[in-house]
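Visitor: What follows is each chain in one-letter form.
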Amino acid sequence: MSIEARFSLTYPTSASPAFALDVDLQLPAQGITALFGPSGSGKTSLLRCIAGLEKVKTGHLVVNGECWQKAGFFLPVHRRALGYVFQEASLFPHLTVQGNLDYGAIRSQRHQVTPVDQRNIVELLGIGHLLLRKPERLSGGERQRVAIARALLAVPKLLLMDEPLAALDFERKREILPYLERLRDELAIPVLYVSHAPDEVARLADHLVVMKDGRAVASGPLAEMLTRLDLPIRLGEDAGAILDATVGAMDADWHLARVDFASGSLWLADHGVAVGSPVRVRVLARDVSLAREQPGGSSIQNILPGRVDAIGHDEHPSATLVRVQVGQAMLLARLTRRSAAALGIAVGQTLWVQVKSVALLE
Amino acid sequence: MNTQRKPGKFWVVVALSLLLATSLVQADEVSVAVAANFTAPMKKITAEFEKTSGHKVALSFGSTGKFYAQVKAGAPFEVLLAADDETPGKMEQEGLAVKDSHFTYAIGKLVLWSAKESFVDDQGDLLKRGSFEHIAIANPKLAPYGAAGMQTLQALGVYDAIAPKIVQGENIAQTYQFIATGNAQLGFVALSQVIGEDGKVKSGSAWIVPQKYYTPIRQDAVLLERGKDKIAAVELLKFLKTPYAAKIIQSYGYELGR
Amino acid sequence: MMLSPDDWSTIRLTLELAGLVTVLLLLIGTPIAWWLARTDSALKRPISAIVTLPMVLPPTVLGFYLLVAMGPQGPVGRLTQALGIGLLPFTFAGLVIASILYSLPFAVQPIQQAFEAMGERPLEVAATLRASPLDAFFTVALPLARPGFITAAVMSFAHTIGEFGVVLMIGGNIPGKTRVVSVQIYDHVEALEFTQGHWLAGGLLVFSFCVLLVVYHFNPMAPRKAAN
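Listed in order, the protein sequences are those of chains A, B and C.
Using our numbering, the letters of the first sequence correspond one by one to residues 1 to 362.
Using our numbering, the letters of the second sequence correspond one by one to residues 363 to 620.
Using our numbering, the letters of the third sequence correspond one by one to residues 621 to 848.
Treat the hints with caution; some may be incorrect.
[To be verified] Quick list of in silico lysine-lysine cross-link-like pairs, DSS-like style, CA-CA up to 25 Å: (1) A/173 to A/57; (2) B/590 to B/405; (3) B/503 to C/664; (4) B/590 to B/574; (5) A/55 to C/797; (6) A/134 to A/57; (7) B/603 to B/592; (8) C/797 to B/527; (9) A/134 to A/157.
It should be emphasised that the hints constitute simulated quantities derived from the structure, not laboratory data.
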């Protein structure tokens, strides 16, 4: 199952510089796909095209085998089984929270929402105590949670989220992010998530589409995309790899936690996450060093065996980025070209990977 | 140089102003309130008056009731040509007008008129048959011609039968509009509104209502308190009684007051 | 009480007229306002201008044109006669139609402004929640534009009550059919019946004040806190 989206449109604007969107994407119909890029790169336009809010003449859209748009056919927005969360919560001010939730629920005729579904979603987003309030009496974070619940209760086959956290301050973001993670982990609805915030993408996305000037310059699974050397994609300050892992053990004496991923384990500072919890960690290229022999007497705790997968250029001519395969996972390491030469780094070479620091994404 | 010229110019202006002012003393200006139905004849009369006397006349047209209220509130009119003979008398009693200055300048003629040719017969029998949808009459409370129309209907004994068909204009001008646009098939207006140059009704059909059916519509003129010492005001009132003015007044379908 | 039975019947007729005109204006004005608020059509400006025309035209001008148009030789008059309705001047129906035209801008503008202030977003949200355009109009646009509708209703009602020139031109001042309060006041004042005039005029003054009070209650000068 997948989402096929082909759109091209031009805004013949005289006021602002002309904008053109031209994309041809094949996206997985599962997990969270982030549409990432700077503002003005066409992320929101693409999302609106997919929703049908932007009526593009030349467009082709198939969602899970169901055609929403093709030449000579345009399924109106209200007939598309989608949920849309706008940047501002956009709750109906004349309805209570319950009224807002019911609005989509009673109109999605094909799938009746059972009270159990309703209770689950209300619980998932922690808005049970707000049901009788009017939107004007909600905080920004609460409003956005209600808007997400409202979209979910319309039984979407595809959830579209347009920078749902962008209008919120840091604290509110921290409040909502865990709900979005639960959404990803507990519901089987594919999500297209527009964002220009690296931390959100790093934490939530499974799949990444990088947008620039109205085009999708890259598209693929997040972990793979972040370790590409031809097109270093930076989420934040530095290049780095992201690993999905589980908290495997605690070391109470040293306040450390061990996270296990597909092909190894890493120790990091214990942040009180319970054993067994799924976590996402980030390993920045600058925190990874390579050694030919298994290091002994090193201060570095995390040492894994690996194999050089590829070698690429870095921004500064003095440095090089090396992609190392550790089991199934890929890590990036930044070396000076001199030390790479001294080590004789070559593709296929096996060596030891030392990870100085691991960041838990939360 | 400039500073020396300025006083020279100044004195020229003063001298000219003085000249103008003296000529104005002789050529007086008079402000006159005129009943709306007398608009056309009064314009003609005034034009001639201004030519022969050198005075200036400022005419305001409107309803007599409104003029009464305005004069009472201090409006600067010096002469009133009313549409009735009650208001001028009342104004003399109330000290708004000069005692015993009023006289009848014209007697209005009532006409039953229709914009349609040969609709109104010259006996007014149509009123008895009642074969029409609407008959327009000026508000009898406000307009003397309206009151005269009502009297005519009553005198003919058809008022009760016709009452539901009556539509009222606020004044005879509006009543004329109702009929002219055909919305009312006929109605009572002033002869002066429908009379042509040749003394006949211009268009449509009409019955000049015999005087016996209604109280004569005497229109009186009066010298108002403010015009007491105005030569032009007194002269204008005199001019209204000249044969020249009388000819104009009659040509508009009015009778002359004795 | 200083009011005569005739005055009272005039008041009743005026309220009936204003009530009916208000209801009809909301029905007619809403689609016009909706279209004006959302269209990009080149016709938007000309149509806006036509709708607003009665606001700037002297009522007697409008009244005179209506009298001519609705008359036996006028286009509207020919149509109504052909339809077997007869002529409209001097009838209550004619008064209703004239009042609707005359008060149209007072109904359309507040509703249009409310629709414009609402913007596109609520309708987009409704569409993504499976509401058809018509459904969204009734369940989202109308409730959100409520203050505009209240203003429109109150202004239409009040404006119809205060209307004078148009009624004067086409009404014919028929007791119980077309004689409304404003004309009655005019007649009282013209006939120098100042006491009765005062009672009616004073009543109209108090009424108009209350109406404006209601409008300002629902549309306070300070912008309402956006409910996002």
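Visitor: Run through the hints listed earlier and report the numbers of any the structure violates, in increasing order.
Guide: 1, 3, 4, 5, 6, 9
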